[in-house]
Amino acid sequence: MSVSSAVLFGLSGLELSATERAFFRDCDPAGFILFQRNCGDPEQLKRLTGDLRDCLGRGDIPILIDQEGGRVQRMKPPHWRQTPPAGAFADLYRRDEEAAMEGAYLNARLIAAELADHGINVDCAPVMDILRPETHGIIGDRAYGETLEAVAALGLMVANGLLAGGVRPVIKHVPGHGRATVDSHLELPVVASSVAEMEQSDFGAFSALVDAPFAMTAHVVYTAIDRARPATISPVVIEQIIRKTIGYQGCLMSDDIGMKALGGSYADRTTACLDAGCDLVLHCSGNMAEMEKVAGAIRPLTPAAARRLGRAMRLPPEQAGFDRSEALARLDALLAR
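Under our numbering, the first residue of the sequence shown carries the number 7, and numbering increases by one thereafter.
Honestly, the hints are just simulated from the structure, not real lab data.
Glycine included, each C-beta is placed from N, C-alpha and C at the ideal position.
Keep in mind that a hint or two might mislead.
Claimed, not checked - With a straight-line cut-off of 35 Å between C-alpha atoms, the simulated DSBU-like cross-links for lysine-lysine are:
#, residue 1, residue 2
1, Lys266, Lys52
2, Lys52, Lys82
3, Lys52, Lys299
4, Lys266, Lys250
5, Lys82, Lys266
6, Lys82, Lys299
7, Lys299, Lys266
8, Lys250, Lys299
Stated by the list, open to error - Taking CB as the label site, the calculated pair distances span:
#, residue 1, residue 2, range
9, Asp329, Leu194, 39 to 49 Å
10, Arg343, Ser199, 30 to 40 Å
11, Arg27, Gly302, 12 to 22 Å
Could you put together the complete structure from these sequences and hints?
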């Protein structure tokens with residue numbers, strides 16, 4: 007049996023082009039990630055996810071999307087529900103912890119149902135970064151609060167809600183993006199906090215969800231751990247902090263290697279991610295020239311990565327008896343408090 011390449015690719019539009027189809031068949035990526043440019047309407051999206059599976063000849067591939075809610079929502083109105091941001095549950099948690107936890111669960115369970123309707127089985131959520139006064143606005147209301155307790159409690163409810171609907175969560179951005187003061191899409195954040203400081207907050211949020219099937223790295227330099235390399239390409243951060251201190255043993259993917267926080271060619275970035283210990287390299291743009299450069303450097307999944315990916319994709323079936331109308335009405339009532 008052939009082993010898939012250790013990469014997740016984006017694609018350019020609403021349907022697979024002949025060029026993309028041939029490229030993906032040849033490269034055999036582990037899976038795909040979708041963006042707003044790929045989400046036209048419900049019937050089109052269902053066809054597209056079916057075509058992606060048919061293209062690779064495998065029904066169990068991960069198909070990812072960023073459906074956090076609020077600003078980060080790829081499936082948008084008018085065809086899909088406008089979902090609340092994490093910050094709405096953070097606000098509610100300050101007033102009523104139990105209501106916030108119930109609301110976060112119900113919202114995630116609804117998202118899972120909406121994704122599963124369209125053949126999407128992985129959601130790049132929840133954001134487990136802790137909001138601080140200096141946190142860059144790229145995180146902002148995507149965070150579930152300013153304390154370890156709030157983020158851990160609400161993040162766990164989100165993960166559980168997704169899993170109950172048969173959708174795998176991706177905890178991000180490990181080991182923590184909340185101390186970054188710049189946007190890693192545009193430049194490289196550098197965090198000078200001590201390991202002890204981060205152990206008491208940032209790392210703990212991820213430890214609370216250590217059993218999550220997938221995690222996504224942060225393109226952030228933590229000078230107390232590795233002065234030269236961001237977490238995504240740092241074997242020290244991945245092995246010593248993510249795998250040992252935090253204790254995460256699930257399937258670890260990079261954040262998008264097209265972000266400007268990373269330097270070097272696409273081949274260099276791909277190699278650096280894999281050498282550091284990422285199981286999967288994430289490339290999002292759908293640009294064929296870039297994807298060809300990534301494909302030139304990508305490797306098959308390692309045996310360990312293949313096992314972790316296999317475990318991540320083997321989940322219990324969706325829990326029966328979920329009433330969407332009832333859940334939505336209850337969610338609206340909780341958020342109106």
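> Taking each numbered hint in turn, which are not upheld by the structure, reported in ascending numerical order?
Replying inline: Hints that this structure does not satisfy do not exist here, as all of them hold.
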